Amino acid sequence: MTEHAVHLSGVTKSFGEHTAVSDFDLEIPRGTILGLLGPNGSGKTTTIRMIMAILLPDRGTVELLGGFPDFARRNRVGYLPEERGVYEKMKVLEQLVFLGELRGMTRQIVRRRAMEWLERLGLEEWANKKVQQLSKGMQQKVQFIGTVLHDPDLLILDEPFSGLDPINQDVLESIVREQHEKGTTILFSTHLMDQAERLCERVCLISRSQKVLDGNLKALKRRERTGAVAIEFEGDDGWLARLGIMNPTKVDDTYHIEAGRGVEPERLLAAAVAERVMLRRFELMEPSLHEIFVRHAGQPDPEPALAVAGGAR
Amino acid sequence: MRQVWVVLRREYIERVKTKGFIIATIAMPVLMIGLIGLSAFLSIQAERADRDLALVDLTGQLGESVAAGMQAVGYDIELVDRDVDLQEMDRRVNEDEIEAYILLDDLTLQEGTFAYRGKEAPGTVRRALFENVVVETVLELRLSFAGSAEGLRGLLAGGRLSFESLGEERSELERVSGMATGFAGAFLLYFTMLFYGAYVLRSVLDEKRNRVVEVVVSSISPWRLMLGKILGVGSMGLTQVGIWVGCAALIGLLGVPMIAANWPAVDVGELSQLLPGPGPLGLLLVFFLLGYFLYSSLFAAVGAMCSTEEEAQQAQFPVMMLLIIPFILQMTSIEGSGLPWMDWAALFPFFSPIMMYPRAVVGAVPWWMVGTSLVLMAAALIGTAWVAGRIYRVGILMQGKRPTLRELVRWIRQA
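Heads up: the sequence lines are chains A and B, in that order.
One point on numbering: in the working numbering, the residue at position 36 of the first sequence is 36, and numbering is uninterrupted.
One point on numbering: in the working numbering, the residue at position 334 of the second sequence is 334, and numbering is uninterrupted.
Note that these hints are calculated values from the structure, not bench results.
Only a predicted model underlies this, so the values are computations on that prediction, with no experimental measurement involved.
Every residue gets a Cβ at the ideal spot worked out from N, C-alpha and C, and that includes glycine.
Some hints could be false.
Unchecked claim - Incomplete in silico selection of chain B near chain A, CB under 10 Å:
#	residue
1	Gln3
2	Arg209
3	Asn210
4	Val212
5	Ser221
6	Val375
Stated by the list, open to error - With a straight-line cut-off of 25 Å between C-alpha atoms, the simulated DMTMM-like cross-links for lysine to aspartate or glutamate are:
#	chain 1	residue 1	chain 2	residue 2
7	A	Lys89	B	Glu309
8	A	Lys211	A	Asp25
9	A	Lys136	B	Glu14
10	A	Lys130	B	Glu14
11	A	Lys130	A	Glu119
12	B	Lys119	B	Asp81
13	A	Lys89	B	Glu310
14	B	Lys19	A	Glu88
15	A	Lys182	A	Glu201
Said to hold, decoys possible - Label-pair ranges, simulated between beta-carbon atoms:
#	chain 1	residue 1	chain 2	residue 2	range
16	A	Ile109	B	Ile26	34 to 40 Å
17	A	Glu125	B	Gly242	36 to 42 Å
18	B	Gln399	A	Leu56	50 to 56 Å
19	B	Glu309	A	Ala219	50 to 56 Å
20	B	Thr308	A	Leu56	23 to 29 Å
21	A	Ser288	B	Gly383	57 to 63 Å
22	B	Thr308	A	Ser288	38 to 44 Å
23	A	Gly10	B	Ile382	34 to 40 Å
24	B	Thr308	A	Arg112	36 to 42 Å
Let the sequences and hints guide you as you build the complete structure.
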């Protein structure tokens, strides 16, 4: 067992004039959840396709589960591509059986597993219906079952949450978490920063075909702290003015003291103690993933409000 | 190999259980028989109409036997007295009392010409029947003056050529049977390669359009996927043709004793010799398999190149031409031989199924040419599969614009 489920080094891929991925390094330790984040067209899908050896890199090497991504290794991966596809005329169960058998499972086992999953996701009544009779959301669940059916060591999910309503997003999220707890390594790409923030242990930010940042999400946030502070206290805010902080930003009871004001957190805390302010909360603010991304790569999404609202694309 | 089997089975089952397959399997023979029956029925029907005719015999010698002859082939003939006013007859035609009237005069007696006076020209069947009746009557009349009508009847019916072969022993029946088998075989090959090739194209295109292909090729190599697909559609094709052949055999099996019972005059043994033997049928299967793989791999490559139905319709045109050209050439030489250069054209692997098979069955070309064409087809198949596999591999994941010829060459090189 090697340490990494996926290891890319110096991977570059161009399509004609356009460079889709440039000199990309990535390591995904076994058992982690990694979010591949970036705006649309930044190279996420191309990267994933190279991991699955659907595309071959122009330069660099790709290692999957400890070696070249041959079919034996690829069949231990559950892959949900960005472009969702189903055989519309096939029955749900038969489609799942087909996918399982392609990956080398026996008919009886796939059949049983598929039924278990269908029951779990409330689709058992649809098992013998044609896929085209299902709603889009249900079809997406069927596709998701197709990716986890063979109990893969690694899940690669390209934009798994797009097009799902909030309830189904939650269902999917909980399954992803559960798979993670079972020890499955998970790589998913998204352009929804808040989702990544909730799910990921590690993130990798890419923008314009290049890696911007990667690493453990908590460590990253700590490193990206600016020194901004949120405080809540009893009494009036005259002491802030005496420190030179005029017109602080106030949301409900919480004051946000931005880093730009030239008052370090330590001095602020010392002043509060000296002035005998009754502090209720004193917190070093961590930047959101969105803010980190903007800081390093510009606006991540042309329509962030829309994206946060429902993941619509 | 197991994966190829999984793809094959899916392709086969998903196709065979569709309504389309069941309908096509039943409808095809029904349609064929129906069309032949309908056209026969309609032409008879058309001829039946308006059979009320009159006959005016100015000679006074031919009338009765001509009228009898025409009645014998199913027309209502009113023999009119020779003193009738012809203007009165014209009036009857114009007022639709009768369809037309026939006028026999001295010229008829001399050289067999006669008039058919009506508003509309007689159909070809009617014309031929009437000419026959009149000429026969006139001849008989004139021969009876000479004294010996009977012995000349055979001559009147026309001579007959009987072929006596100096080459290989090949009876007349064998020759006819070979011709029929070759023609029907070429026809069957043309349609099956065209239809099942189109099925492969559609299957590839559908998988590409609904994006399933990306999941599938993450588990199975594109090459195996293509192979499984072609084998699956091919098995479906064999099933369908098998059902048709089985039905035909059943009809033959039931039909031959029925003919024997009802028409004792027909020599059943002779009739059954018309049916193709196991040799030609086996050869048909070989040509079908090679031809089908050859064309379906081309169709698969076309499907992989396109993203929409419209594009595919245009892109498949060159492949269709490869099928249509030999078919047209073959139609010009139904007997299987045709012009000498066609024998050589039949060696071109893409033309071989349609052009070489009938030649082989009729025996129009030496056996080594048939063998060579099979070897050439096998070689072409390997080459085509290699190229098509590469186009397929790259094409199935491409969306958007159809590749130019130059891009295609690059796909083949780099894949």
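The hints, checked one at a time:
Hint on B:Gln3 holds. Least Cβ distance to chain A is approximately 6 Å, under the 10 Å limit. Because the closest C-beta pair between B:Arg209 and chain A is about 9 Å apart, less than 10 Å, the hint holds. At about 5 Å, the closest approach between the beta carbon of B:Asn210 and any beta carbon in chain A falls short of 10 Å, and the interface hint on this residue holds. Hint status for B:Val212 relative to chain A: holds, with the closest Cβ pair at about 4 Å, below 10 Å.
For B:Ser221, the interface hint holds, the least distance from its beta-carbon to any beta-carbon of chain A being 7 Å, beneath 10 Å. The restraint placing B:Val375 at the interface with chain A is violated, with a minimum CB-CB distance near 34 Å, outside the 10 Å limit. The suggested pairing of A:Lys89 with B:Glu309 holds, with an alpha-carbon distance near 18 Å, which does not exceed 25 Å. Pair hint A:Lys211 plus A:Asp25 holds up; C-alpha atoms about 8 Å apart against a cutoff of 25 Å.
With a C-alpha separation of about 22 Å, the suggested pair A:Lys136 and B:Glu14 falls inside the 25 Å cut-off, and the hint holds. Taking the CA atoms of A:Lys130 and B:Glu14, the gap is about 12 Å. The hint holds against a cut of 25 Å. A C-alpha spacing of about 17 Å is found between A:Lys130 and A:Glu119, which places the hinted pair at or below 25 Å, so the restraint holds. Of the pairs offered as hints, the one joining B:Lys119 and B:Asp81 holds, with about 22 Å between alpha carbons and a cut-off of 25 Å not exceeded.
Between A:Lys89 and B:Glu310, the direct Cα distance comes to roughly 21 Å. Compliance with the 25 Å bound is thereby established for this hinted pair. Using a Cα cut-off of 25 Å, the hinted pair B:Lys19 and A:Glu88 holds, with the two alpha carbons roughly 16 Å apart. The hinted pair formed by A:Lys182 and A:Glu201 meets the criterion: a straight-line CA distance of about 15 Å does not exceed 25 Å. Hint check: A:Ile109 to B:Ile26, Cβ distance near 38 Å, so the stated range 34 to 40 Å holds.
Judged by the Cβ atoms, the range 36 to 42 Å given for A:Glu125 and B:Gly242 holds: they are separated by roughly 38 Å. Between B:Gln399 and A:Leu56, the C-beta spacing of about 18 Å breaks the proposed range 50 to 56 Å. A hinted range of 50 to 56 Å holds for the C-beta pair B:Glu309 and A:Ala219, which are about 52 Å apart. For the hinted restraint 23 to 29 Å between B:Thr308 and A:Leu56, the CB-CB distance of approximately 27 Å keeps it satisfied.
Checked against the given bound of 57 to 63 Å, the beta carbons of A:Ser288 and B:Gly383, roughly 59 Å apart, stay inside it. Between B:Thr308 and A:Ser288, the C-beta spacing of about 42 Å keeps the proposed range 38 to 44 Å intact. Judged by the Cβ atoms, the range 34 to 40 Å given for A:Gly10 and B:Ile382 holds: they are separated by roughly 38 Å. For B:Thr308 and A:Arg112, the hinted distance range of 36 to 42 Å is satisfied, since their beta carbons lie about 39 Å from each other.
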